[in-house]
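Engineer: One-letter residues, chain by chain:
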Amino acid sequence: MNKLQELYEEISKCNKCGFCQSVCPVFQETRIEGSVARGRLALIRETVEGQIAFDHEFKDTLYECLLCKNCVENCPGGVTGDSILLAARETMAANHIPLVQKLVFNHLLKHPKRLSLTGRLLQIYEKTGLRKAFRKTGLIGLLGPLAKSEDFLPKIANTFRDLQGGLAPNPQEANYKVSFFLGCGTNLLKPSQGFAAVNTLRKLGCFVQIPETLCCSLPAVSYGHSGVAQEMAKKNIELLLAEESDYIVSDCASCSSALKDYPKLFKEDDAYYQKALDVACKVHDYAQLTLKLSTGSWQRPKEQVVTYHVPCHLARGLKAGSEPKKLLADIKGLNYVELPEADYCCGAAGSYFITYPELSEKVLRRKMQNIKKTGASLVATSCPACVMQLERGARMINHPVKVMHIAEIIEGIV
Amino acid sequence: MASEVISKALQEIKTIVGAHDVLSKKKDMLTYRYAATTSGPPPMAVIFPKSTEEVSQVLKVLHKYKVPVIARGAGTNLNGGTVISKEGVVLELAKMHRILEVDLQNRHVLVEAGVTNLEVQQAIEPHGFMFAPDPASQQVSTMGGNIAENAGGPRCVKYGVTVNHVLGLEVALSDGRVLILNGPLEGLPGYDFTGIMHASEGTFGIITKAWLRIMPKPQAIKTMMAIFDTLEDAARTVSQIIAQGIIPATLELIDHPILKAVEQTVKIGYPLDAEAVLLIEVDGHAESLDSQALKIVAICKENNVRETKVAQTERERELLWSGRRGAVGSIARLKPSFAEEDITIPRTKLPEMLKTIAKIGEKYSLIIGNVFHAGDGNFHPVVLYDSRDPQESQRVIEANFEIMKEAAKLGGTVSGEHGIGMEKLKGMPLIFSCEDMSFMRRLKLAFDPQDILNPGKVIPEDVCKETAAALDRVGQTLKESADTDTDTDRSRFLEQLKILIDDSRVCFDKGIFDKYTIGGKTPWCCVKPQDPAEMAAVVKLANEYSIALVPWGNGTKQAIGAPPDKYDVVTLTGDLDRIIEIDVGNLTATVEAGVSLQKLQQSLHEQNLLLPIDPLEAGNPTLGGLVAANSTGGLRLQYKTLKDMVLGFEMISPQGELIKYGGKNLKNVAGYDLCKLLVGSWGTMGILTKVTLKLFPFSEKAVYRVYGTEDFGAFKKYLLDIQNSKLELSTFDVLVKDFSYYVNLCLSGPKESVDKQINLLNTLSENKMKLITEQDDKLLGSGRDFILKAFPRGLFSPDNTLIKSCLLFASISDFIEQILEHNKPGDVTIYAHAANGIIYAVYHGQGCAEVIDKFRKIADEFSQGNPWGVHILGTGAGYTGRAGGESPPDQNTDLLTGLTVSIKKMLDPNNVLNPGRTAGGIII
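Residue numbers (the numbering used here), protein chains in the order written: chain E, 1 to 414; chain X, 1 to 924.
Hint data in this document are derived by calculation from the structure and do not stem from the laboratory.
Possibly wrong hints are sitting among the right ones.
[Claimed, not checked] Simulated pairs of lysine-lysine, DSBU-like, Cα-Cα distance not exceeding 35 angstroms: (1) X:Lys-726 - E:Lys-373; (2) E:Lys-3 - X:Lys-25; (3) E:Lys-373 - E:Lys-326; (4) E:Lys-373 - E:Lys-13; (5) E:Lys-319 - X:Lys-217; (6) X:Lys-363 - X:Lys-295; (7) X:Lys-60 - E:Lys-16; (8) E:Lys-59 - X:Lys-14; (9) E:Lys-59 - X:Lys-50.
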């Protein structure tokens, strides 16, 4: 409870105006006070004040949140609901059986269709350090044989790392030196968008390196394992700083946002704090850098209506939601249409779409209805998880819209 | 409450809404024990109905087990309106959030209670419309809650509060029966249940749907900021802007502590050494805004303004507003807790009140900031403190009470827009007497006899001991009590009357009684009290002996509707004829009930002010009569009705007590809104003695134009063109006489704006309608002249067979066409307030009963299935049938009738005041 007690002042700042209700994608679907920041904070406060035990009943209270930060952005009192929630998750993870059990047992094994993703997810699970965090539970022992069973697993295609030899060469004369941070999602599930990002940056005159980094640590942070997150962050910081590049860029808004948040993982007197700041300063989203490199006269041969979904981590993590829109709007031949509620969460939210499939689907439905309203035949975004979620959404509502990472659009032009 | 009872009730409720939609775990309950700033005990359960039907079924169960219940939307109320006071369950309406209808032509939307104010705005904004009320919480607060608290917002100065923009409601009563109140129609007879539901904080019934009036968005807005070195200069500027007759859309004041806090978070560019900033917004036609802004700047300069800034771009405007909107949030960052007061005072007292608040802050060593709706005198002193410090918390409580006390001393009210809830119960005795509160309490029990709807709110329970006695009376019927009078009672009444008042004020002369005959009934005594005290004594005596009193001003409307059942004494208000005050600075007038409209208008005109009503009756009605009948004419399109203009009153209750409500405050949500009950109650609730009215300054320009044609097709199209044009009309009336069709239009406002609209009107009318008359008339009297020219004895002459129908605008022309098809030319004359959907038909021919039946059949098609939508007002030719004809009344009518009777019974158990007469003159 210590971490929460430290945050008691911050928790008490919530004056219960309820403004978070209007911007919370989860509340908009459940309409229950317990699933909005005001209710969560009230409950956490009750636990700190000893009115109610902080037990397993709190799981949904803590994990039903998408961590989209919309409430934080719209809080008149400036209460940082997301950090309070993460602290609570940390406390929960320390005391109780982690949620991953529920994830695997309730949501994966029961639904054969979802298993098509399991193999990849297991790899992500390994990569992100969650395995280490959950080692004690013995869950891996359970999943291991399953993962190896050829009956169950889909054919695993090549990863980005497998294929990276085929990338375009670095330019002879470079204007910037860039470290490309390869996220797990891109590596394992969407190598093509990583290719698009690296290739376009190289074509635009950047010397791009791809260090052998670990997971950005966001999943570990989200599930309340800051110790694991710290370890991974330290390794990544060393690898990234060693390259002495001008920019650290990722095609994944979540990874970029996690890197930007590295300083939060360390106390100010920690030696890594300053290093984390150095990393954070260099972090750019792919579109941020591309906009700088853009000639402004890009042209696309085919007329097409395009809209843009702003990932939560781009809008509120990096606060760089407007750059990709400008990038698209500037391209001749593309008819850019603003998406209503453009920076509203799509419901992917890491593994949320597996832990809370019904809610995730409802949130996604709202997003898809908005996309439909724009009349766009192409929707761009900047995160592999969002891309996959939107693709799922298009199938779900049977709407013929093509989903692309913004780098894939740029790739077709430069 | 025994837990077995609750679990039994919940079991049944789960079968209605589904187990998934009933929460009762301790953890879940903790999230429903608070609203903004207030908390209470956790509820015993939270129930989520998804339809009106479910609300109704759930209430039936709760009623059966007598479980207290609170309706809740977003839980944003500020005084604990949705917080449990002792025990109970929460009926959470957040899952009822559909917008069911957006009807631009008839200018209304229909929403479920859980739709937020902002969602309403977003649904109509793309079409160029707005819903005027805009509380600061609009992005989350629901319409059910906005109505239950009668929410305000910055735009109120010009446009009024929620109640002024709600047409009708669907309401579930405590026993689960569901009532439709008005629906989308205006001008229906009966008590104003829709009005009285506002600010009733869920204690009368549970609002499930609402029909909201929408209006065209102003074409342009100009926002400016004025910076002052002293608070007093800023306050005086506000008072003078209002006093000069400029009504900005918003007029907000932010003082130094708040400025400082805002600047720390938002960076708007407020100078930190300034004492106050005014945020002023004018809206309307772009051409008219510059001159209004110039006038305001001039007033600021006269009051030593340091600087004025006008927002040049939408971005700049947004920035100025962000400071106002973020004010409370920013200040909340300075200290862990804050308390936001909510008082309203007459606008001339602004400087005084600000000084008083500063003194109170010093006295209790507290930081008090002010950020408030200065334009309507609605203060929000924000007190910063730390709730964990018990001593400081105690000082906050004391300081807040003192602020309420001082406001009351200045003629203010203890809540302007937040509501009483539980937090402000202690302030109620500062402005209401025991009798006032008992009257309100009885009203509540008429709606909710078991007292299970949000108990412990609005009225302090300990002031009213007569709950039980009042409840006993519910069993009696009206007839029983009315018939108890005997000859002995009469003689005792007279005996004591002579002791109470001077002989010269009582008259038994049969000769004069004819003058006071109503529908063939004549009184046997006539009383003319010289002052309210005498009036009170007479009513008290009548109540004791069950003597039926008919209040009488100038008798201009007594011929309307069904005559009284019983008629003993005519009570004349003629000697209550003082104009008590015309407060030019506050734009209010206080007059006695017997003052005539002509006399009041003359006095007002001398001050460049007016009361914007143009009643349809001939003669010179008194204010008492006008208020009792809510008599308004075509000006209702812009100014609405007396319901929206009466700010306060004094009346003699049926028990002979002096009841006071309201005052000179523009916003008031303390207690139940008795103005809404009294205005239009036809003297059945009390005899009005004094009334305070909201006034309006002369418009810079006002023009009346009458257009005519003999071609029905052209007329029909013209009506549509006018309605769709978004002209900002003050009057849109229609007259059909001898197969000629006339339209009377009034445009008023700033000169540039009127001129611009006249151009538009010319284009719309060219080659389609003939301009018959045009008149400049700042006094806004030409509408009434037009009516009286068509009906020299007024619409309510006893010779007329008059039928009033309330329809949607879109039905008006088809309705007229049908009437004309079925009648001979010359037999019928039609008059209508077209945009309001109110239409009167006057029959001159013979065979009245037949005509009415035929008429009713036509009207039934158009009146939205509302039997009170068509009703007979004049029975000149002797027709005495029911308003709804021979068809059996529907369930809704039965419910309305039942509620009407129980309210009358609760408030006038001996059936003393105007027995048998009903609001709007319907026969029930």
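Engineer: Hints the structure violates: just list their numbers, smallest first.
Structural biologist: 4 and 6
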